[in-house]
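Chemist: Here is what each chain is made of, one letter per residue.
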Amino acid sequence: MTVLKSEALTKIYGDGESKVTALDNVDLSVEQGEFVTIVGTSGSGKSTLLHMLGGLDRPTSGKVYVENKDIFSLKDEALTIFRRRKIGFVFQSFNLVPTLNVYENIVFPIQLDGNDIDDKFVEEVICSLGLTDMQERLPNQLSGGQQQRVAIARALATKPAIVLADEPTGNLDSKTSQDVLSLLKVTGQKFSQTIVMITHNEAIAQMADRIVRIEDGHIIKGGYPND
Amino acid sequence: MTKVSNKKVIRQLAFRELKSNRKMNFVVILSIILTCILFTSLTSIGGRLINGAQQETMRQVGGDRMAGLKNVLPEDYEKVRADSMVKDVVYRIIVGRAVNDGLKNISVEVNCAGDENAAKATFCAPTTGRLPENDDEIAVSSLVLDELGLSHELGISVPITLDVDGKITEHEFKLCGYWQGEKVAMAQICWVSRSFADKYASTPTEQFSITEHPTYAGYWQVDFNYANSLDIEGKTDKLLTRIYGNSETIPDTGINWAYAASNVDGGMLAGGIVMIFVIFAAGYLIIYNIFYINISTNIRSFGLLKTIGTTSKQIKRMVKVQAAMYCAIGIPFGVIIGILSGKALFAAIQTTMNIYSVASYKISTKLLVMICIVAAAFTFLTVMISCRKPCKIAGNVSPIEALRYNEVNIGTKKKDKKSVKVTPLSVARNNMSRGRRKTIVVVLSLTMSMVLVNTLFTVLKGIDLDKYVSAQIVGDFIVMHDKNSYYDDDAFTKITPEQIEYLKSIDGVRQVSPVYFQWGQLEFQGEAIDQLNAFCDKYADTDKFGEIANAKQNKTILTDIYGITDELLNEISPSNEGFDMEKWSSGKYAIVNTYYLGAEDEKGDALYSVGDTLTLTSWDGENKRKQDFEVMALCEMPYALSKQSYYMLGGQVIIPESEFFAMTDNRNAMIVIMNAEKNRFDDVDTQIRYITDKSDSQVILKSKQTYLDEFNDFIRMVRLVGGMLSGILALIGILNFVNAVVTSIISRRRELAMMNAVGMTGSQLRKMLMWEGVYYAALTACCSIILGFLLDQVVVKGIAGELFFFTHKFTLAPTLICILILLLLSTVIPSASYRVLCRDSIVYRLREN
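Respectively, the protein sequence lines represent chains A and B.
To convert, count from 1 in the first sequence and add 815; that's our numbering.
To convert, count from 1 in the second sequence and add 446; that's our numbering.
Derived by calculation from the structure, the hints in this document are not laboratory data.
A portion of the hints provided could be inaccurate.
[As the list claims (entries may be wrong)] In silico lysine-lysine, DSS-like type, Cα no more than 30 Å apart, as pairs:
(1) A/Lys-890 with B/Lys-454
(2) B/Lys-1213 with A/Lys-884
(3) A/Lys-834 with B/Lys-1213
(4) B/Lys-1140 with B/Lys-1150
(5) B/Lys-762 with B/Lys-465
(6) B/Lys-454 with B/Lys-838
(7) B/Lys-812 with A/Lys-935
(8) A/Lys-974 with B/Lys-867
(9) B/Lys-1213 with A/Lys-890
(10) B/Lys-516 with B/Lys-454
(11) B/Lys-1213 with A/Lys-974
(12) B/Lys-525 with B/Lys-566
(13) B/Lys-867 with A/Lys-1005
Here chain A stands alone, though its shape is the one from the complex (with noise of 0.2 Å):
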């Protein structure tokens, strides 16, 4: 089953001299359970492409469909909704919230939707990130893996249809990095969940099931559909 399609998606920053063709035209699929990564150059489009295909950034034209919705017809209130529903993000620098401790932060765009917290399951999760012995514990008192855990464990609180990763191991050392990427891998697995990360590093690209690799705002390799 395909979880996330785009569609001649195109981002042009600016006119005129300053035009800048960051996305053209791509057309990319990603099926259920899958676990891709974008490979790409700075500067090639990637981050570019994972906002658009979370919704943080509207394209110029093209669409993205989650789950068979088309998520630009959505108005920015409804976007953000859906974003915290469907859509788990994992950013390079955590950015968890300050004051939240670690529990919090992990249910808190699930709070935010007024929901019950399904406790079997995030426990689970927490349990399966090695967070459980920090859940009180504020993001200033921990280190940078741990807080990329957190936000992992965050981005799949929400049981989403898709998690998108921008580089979440830029910020950390390489040992760390496997620890963590080993991490959303097997969690990824073990919750059969839909992960797009985006990497410059082609070792860590290597641990997906496929490679997409993106050059100056084209899907050079592995977009299928017209592959």
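Using the hints provided, position chain B relative to the given structure of chain A.
Modeler: The following block gives chain B in isolation, referenced to the frame of chain A:
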């Protein structure tokens, strides 16, 4: 140490940083401008008021010279003029008083000016025409012309009834000059020529101090200045020693208390210092707050600068240079706006206080420049002191921490946090507690403004018209002797029984109560002498005028004897215990009060106790009558009912009208208190004027309404100034609040974007930010209500409560109104600033450092 010339690059860096941060600049500069406005407008109003009050006092005194010699001879004038320490010496010659029937309401002195400067020194230089040169010429104040019903026209004939030490002569002068008279002056002046003065008040041959029956005509008043107004009294003493040595005939001197008042008014000084401190504190809090937030926002860039090798000293310097740049832009604006608003405000004060003479309150350029400099310096100082602490934070930042800085106080003890349900409300609460210092500063500055506004309001609200007026006047109307006849022997016996009868017969009158006065003396006998002796010994040191020694020797003190009707007892001793109406009616009892002005509390120790017997002698001309009374109560005669003058050591004895008549043949009253029926005031007023406005009448009418009008003017001015002060303080507080909320939102752009990214909707974010504002408002409300109450109990009750016309009523209305405004703002501002924030996309904000 190697001296590195790096100042230029630091300055350049500071400037670049400033340029890149326009929104913050605007807020900082605005707050500097506001602080500066506050300083400038207050110093300029203060300066004008102090300067004006001094001028006003001079006009009241009737002279601008620092000191003078009274009643001297021409040779004394020459001696003073020869002295090297004095300057601007002028003289005028006393001729007499103008006592025309038409001049009953003002007192008019007839003098001869030594020259034009002498006239100027008394604020009585003719602005139209000139000083008189011939016998038949006169120059007068416009008020005299008005009172006499004459037009303001040179050459008209001015009739004057001249009283030269009791000798009355009639004259017909030609008007050769006039000027705008000062209503505040104690006396109006008419200038006559030197030849006229020589004719009617020739220069005496004897020194004034050795003449037996004092006559004033022909003596000179010599006034002069010193180099500066410090210690005028001491300088005058030295001058006398220089001129007269140990001679016995040293003339009286006069010190112009306009200077004394401005020099040593402790209350005003203390008030001013408190005011300056308050503004300083308000300015400090707001500027400190902004710099603190500014630095929190830029902490990453400071960290970056450090990683590339900027020393903490250089970073501090950079922040200081930025502060100075802010001042350079903000202060000129602030000074200009402050001067203008001070001027505008003062214009409003002036119109309200229409009794003031406008000329007194003009401000010289020199003073204006000084005010500008002082205000600018104060503002600069405030800014520099305010940015010291934030400067230190910026300088001491560690590069690594700065890069990870997220406004959570890194130094605070790390504590685990219990999980609670996450809602906009709970997140807001968490956000409040992270920047404790910031929260405290914001709440404190808000609280301070609010408490001050509240206190000022309470003070203004507490000014009690009735209390003030009832101290000045008892009843609705009072008929009393006019100002001119105050020094007459019969000043206190002007109202005849026929007039009293007439007043009683007026339709619409509810009550007519005459108060009778007689000079008298208290004799001490038996045990009372011991009390007197003890009293005299206690105050012997303070006995400058020999009154204590006199009393001890003669066993007597001077006293006023008042005869009153029973209705007035309520006004005199409304709550005196043991007062018995039956005993009072028997005529054997008296109410007594003794006072000594030399004592610290002026009342001195009471010489009588309830139950004592007092022996009273009345001096009815040569006719002395003596009678004993028992002291029924100790109570002061209310000022409005008394003869309104005091001895150093003296008494007041109040007895029933019938007993008073037994002690004297005088049946004329000193004053008559009248009450009218409701709605008949105007009527009664007109009918009373029938006797008081008669040309030969020596009595005048004062009504409650005139006092009310007078006091209303005063209150209006106090309210205006207090209101504007409260307004500015409230504005500063609100600005601080707005600033705190807005900057807290701006500095968390990235965090808010992240929350948005993981699914917090715009309305939830707005709600969260709104709750933060509400928390500030609620915290401020708690603090200001508690502090406001404390301040009220301690300061307002303690200080303002002492004022006799103050009724203490605690109110929280201003605080509540301000909090309402804060609540309103805390709902409006977050959504407005969030909307501004949303102009940048989430992605953009997420990427930002």
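Chemist: Flag every earlier hint the structure violates by its number, smallest first.
Modeler: Violated hints: 1, 3, 7 and 10; rest satisfied.
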